[in-house]
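Q: Residues per chain, in single letters:
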Amino acid sequence: MLTPLTVTLAVAALLLAAWCGWAAYRDQPTKDWHFIGMAVVTLLALVQLVVGIVQLAQGRDPADGAVIFISYLIGVVACVPVVGLVSLTERTKWGSLTVVAGAVVLAVLQVRLYDIWGGGTGA
Amino acid sequence: MPEPTTVDVETAPAPRRGGINTGPGKLLVTLYGIFTVGAASRSAVQLSTRFHEAPLAYILSAVAAVVYAFITLSLVRGGEGARKAALTCCALELAGVLAVGTWTLVEPSAFPDATVWSDYGMGYLFIPVFLPLTGLWWLRRGHREPRP
Chain A
1 MLTPLTVTLA
11 VAALLLAAWC
21 GWAAYRDQPT
31 KDWHFIGMAV
41 VTLLALVQLV
51 VGIVQLAQGR
61 DPADGAVIFI
71 SYLIGVVACV
81 PVVGLVSLTE
91 RTKWGSLTVV
101 AGAVVLAVLQ
111 VRLYDIWGGG
121 TGA
Chain B
1001 MPEPTTVDVE
1011 TAPAPRRGGI
1021 NTGPGKLLVT
1031 LYGIFTVGAA
1041 SRSAVQLSTR
1051 FHEAPLAYIL
1061 SAVAAVVYAF
1071 ITLSLVRGGE
1081 GARKAALTCC
1091 ALELAGVLAV
1101 GTWTLVEPSA
1111 FPDATVWSDY
1121 GMGYLFIPVF
1131 LPLTGLWWLR
1141 RGHREPRP
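Those protein sequence lines, which keep their order, are chains A and B. Numbered according to this note's numbering, the first sequence spans residues 1 to 123. Numbered according to this note's numbering, the second sequence spans residues 1001 to 1148.
One should not assume that every hint holds.
Unchecked claim - Pair by pair, the computed Cβ-Cβ distance ranges are: (1) P1112(B) to P81(A): 25 to 31 Å; (2) L1047(B) to G119(A): 22 to 28 Å; (3) V111(A) to L1047(B): 35 to 41 Å; (4) T3(A) to V1106(B): 37 to 43 Å; (5) L1047(B) to A18(A): 34 to 40 Å; (6) W22(A) to P1055(B): 21 to 27 Å; (7) L1136(B) to P4(A): 28 to 34 Å.
Stated by the list, open to error - Partner residues are not named here, just some residues of chain B that face chain A (Cβ under 8 Å, in silico): (8) T1022; (9) G1023; (10) P1024; (11) L1027; (12) I1034; (13) T1036; (14) S1041; (15) V1045; (16) L1047; (17) R1077.
FYI, nobody ran anything at the bench for these hints, they're computed from the structure. Small disclaimer: the values here were computed from a predicted structure and weren't measured. Ideal placement from N, C-alpha and C gives every residue a C-beta, glycine not left out.
Using the sequences and the hints, build the whole thing.
A: Written out as structure tokens, the structure reads:
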């Protein structure tokens, strides 16, 4: 797997979490800029999904198996859009906090993805 | 027309009816949803690919998934009946986490592989312990006063 991308995505997700956490702290719902942030993170996740599929197609094998690997990649992509939608239906600080939760989950999934691929090996 | 107020729009007091699925409840639903997906997919993979390795652990993970799914659905549905059902399930969940957590510590040999609730959910940052506690608090509170 592409380690720099994994790290970038994890950092971006944590930044998004901090940003929305700040909004929640100030008792504010998510705003347009937050959604742009979510879009950026989701875009990175999509890139990761494509990179992951390409790597699999090239015959590289994740340590924990391709099925789990792909499931996690899809989970990563779904994470932020889902909490983004929830925050649209909950226009309070609790909506912002929900995005924080989703972004943190995404960061944790990156750590798991790294393990599933088999650490830094295999490109 | 002039609209001099600088407040409101988004700071308006949100939960008018104060259902169990608004405000903090929304965050709770999301967390339960995430854990439902996590536990369900985890146990599905483990049960279908290597059931015999640690049958007890995998079945317990599946049980956890069912409990999470039920609570998620109840929270989404809202209403008094769903609140009571969710309350019962949160208590059940807490009991499950504590029982399985203790069990895995006392008799590790019965668990060649981890469950979602192993070591009180340590593998999940202990969220499995905090989730039912938060749920119980939120659902009981929802009963006493309609607005948080």
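Q: Can we keep the P1024(B) interface hint, with Cβ of chain A closer than 8 Å?
A: Holds: closest Cβ of chain A sits about 6 Å from P1024(B), inside 8 Å.
Q: Take the C-beta atom of L1047(B) and the C-beta atom of G119(A), compute their distance, and say whether it sits inside 22 to 28 Å.
A: holds, 27 Å
Q: For the hint 28 to 34 Å, verify it against the beta carbon of L1136(B) and that of P4(A).
A: Violated, since L1136(B) and P4(A) (Cβ atoms, about 43 Å apart) do not stay within the stated range.
Q: Let me know if the C-beta of R1077(B) comes in closer than 8 Å to any C-beta of chain A, holds or violated.
A: Hint on R1077(B): violated, closest Cβ of chain A at ~15 Å, above 8 Å.
Q: Against the range 25 to 31 Å, how does the distance between the Cβ atoms of P1112(B) and P81(A) compare: consistent or not?
A: Between P1112(B) and P81(A), where Cβ atoms are some 37 Å apart, the hint is violated.
Q: Against chain A, is L1047(B) within 8 Å by beta-carbon distance?
A: violated, 13 Å
Q: Just to be sure I understand the hint, the distance between the Cβ atoms of V111(A) and L1047(B) should be within 35 to 41 Å; is that true here?
A: Since the Cβ atoms of V111(A) and L1047(B) sit about 24 Å apart, the hinted range of 35 to 41 Å is violated.
Q: Given the range 34 to 40 Å, decide if the beta-carbon distance of L1047(B) to A18(A) lies inside it.
A: Holds, since L1047(B) and A18(A) (Cβ atoms, about 38 Å apart) stay within the stated range.
Q: Would you check whether L1027(B) satisfies its interface hint, that is, whether its CB is within less than 8 Å of any CB in chain A?
A: holds, 5 Å
Q: Under 8 Å is the threshold here; is the Cβ of T1022(B) close enough to any Cβ of chain A for the hint to stand?
A: holds, 7 Å
Q: At the C-beta level, are W22(A) and P1055(B) separated by a distance inside 21 to 27 Å?
A: violated, 46 Å
Q: Please check whether V1045(B) passes as an interface residue: C-beta within 8 Å of a C-beta belonging to chain A.
A: holds, 6 Å
The structure fails hints 1, 3, 6, 7, 13, 16 and 17 (numbered hints given earlier, in ascending order).
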